[in-house]
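Asks: Chain residues, written in single-letter form:
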Amino acid sequence: MLAAIGAIIGRDLRLALRQGLDSLLAVVFFVLACVLFPFGVGPAPETLARIAAGVLWVAALLAALLSLERLFQADYEDGSLDLLALGPAPLPAIAAAKIAAHWLTTSVPLIAAAPVLALILNLPPAAFSSLVLALVLGTPTLSLIGGVGAALVLGARRGGVLLALLVLPLYIPVLIFGVAAVGASQIGLAVQPHLFMLAALLLVALVLAPWAAGAALRQALD
Amino acid sequence: MTVSSLAALPDQLPDARAVFAGRGLACERGGRRVFQGLSFTVCAGEALVLVGRNGSGKSSLLRLMAGLSRPAQGSLTWNAGDIADDSEAHHGRLHLIGHQDAIKPALTVNENLGFWARYRGAGPCASARIADALRAFALERLAELPARYLSQGQRRRLSLCRLLASPAQLWLLDEPRAGLDRAASTSLDAALAHHRAAGGIAVVVLHAEDHPPEARVLDFDAVKAGG
Chain X
1 MLAAIGAIIG RDLRLALRQG LDSLLAVVFF VLACVLFPFG VGPAPETLAR IAAGVLWVAA
61 LLAALLSLER LFQADYEDGS LDLLALGPAP LPAIAAAKIA AHWLTTSVPL IAAAPVLALI
121 LNLPPAAFSS LVLALVLGTP TLSLIGGVGA ALVLGARRGG VLLALLVLPL YIPVLIFGVA
181 AVGASQIGLA VQPHLFMLAA LLLVALVLAP WAAGAALRQA LD
Chain V
1001 MTVSSLAALP DQLPDARAVF AGRGLACERG GRRVFQGLSF TVCAGEALVL VGRNGSGKSS
1061 LLRLMAGLSR PAQGSLTWNA GDIADDSEAH HGRLHLIGHQ DAIKPALTVN ENLGFWARYR
1121 GAGPCASARI ADALRAFALE RLAELPARYL SQGQRRRLSL CRLLASPAQL WLLDEPRAGL
1181 DRAASTSLDA ALAHHRAAGG IAVVVLHAED HPPEARVLDF DAVKAGG
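Top to bottom, those sequences are chains X and V.
All residue numbers for the first sequence refer to the numbering used here, where the first residue is 1 and numbers rise by one.
All residue numbers for the second sequence refer to the numbering used here, where the first residue is 1001 and numbers rise by one.
No wet-lab data here; the hints were simulated from the structure.
Even for Gly, the Cβ is constructed at its ideal location relative to N, Cα and C.
A hint or two may mislead.
Stated by the list, open to error - Per the computed footprint, the stretches of chain V lying under chain X, defined by three or more beta-carbons under 8 angstroms from a beta-carbon of chain X, are:
#	stretch
1	1010–1020
2	1102–1110
3	1113–1122
4	1172–1178
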């Protein structure tokens, strides 16, 4: 079964590389959204520094959402999902593998771009490490929760809008602790408690989300 | 078609006395009863041909047989054991070739086939099997071509290659001849004959006139009238 999961992740990574548009789109959206803020709120350095963490997190969250709709859609439409379900991997494992590939192809580039954008938004360099750590712990949770949503809206018309409505409220805890981690390091407070909370959210999502997504895929296949 | 091009297929499948049967099956799609009271039995080495007009539920029956959906009534058994009790074992013993071909346009022919073979655990001799499978359906020259350049018939042939790239005892084929030229149709016949000789079972949706010799025929129009 591990070989089967590895095969799915390998195929999805290769597909993402060949048709790089989807993951590129997420990063470009992230960069543009962050760059727009200095124009909107004015270039005052202290204002930017104050909102930087929130802007970065909200933009990253929306960017991750952007490509989620296609997570299972392509496999559903071309019949691959049927064949995946008929293979040795159970549906929760298939969902987990596809979510892992999604995280690797969209969130990892976002995390890499985040420090550069933090510089533009005048985030103090001391907060960079906590920003990256918080994103590393928080974005997998976003992909996992989003994976459940993407499986639920499979086959629905205008699934993208429905997906945003379903998933965005569930992103709030990650957003709160992600921003708090960066904020704490900006004013010299302990960052660890917030990171632990993000890690706890990730563990809960890791345990529950693949099963929920697998159950939703079962519904879509029937 | 030479024997060597079917080298990927095993000469003897493990379960030589397998019996695949359905009793009193009913199927509902979108709240509408598609068929009911349908029963069938196929044994190792036999083929069951499904015929009937459009929308009579042939493809739905294939999905039931694959275990992708559950019957509204009745049961499907493999050697007297309900397939729902051990769906993982059932999935492992079948190939489904449906209308959708599950081909990724961005991957090459080789990568497309290789993924499904590896996913189903084709094992160490996977690349030899894949080469044999491509040769059996005359796709070996296109192995490195991205699948987006394939014609409809070539896509169909690539789907059929999955049958040969990893062994399975039960083949469920939904109109496998659609879009095939004469040569590919002959290759398919040879593969089916080899599969049945090795103790395999095939369930094929076909038009009434071109079914393989000595196959059982399940006529959906008759089922409807009777049920």
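Asks: Next, verify each hint and record whether it holds.
Replies: So, going through the hints one by one against the coordinates:
1. 1010–1020: violated (count 0)
2. 1102–1110: It holds: at least three residues are needed, and the stretch 1102–1110 of chain V offers 5 whose Cβ sits within less than 8 angstroms of chain X.
3. 1113–1122: holds (count 6)
4. 1172–1178: That given contact is violated, which follows from only 0 residues of the stretch 1172–1178 of chain V lying within Cβ reach (below 8 angstroms) of chain X.
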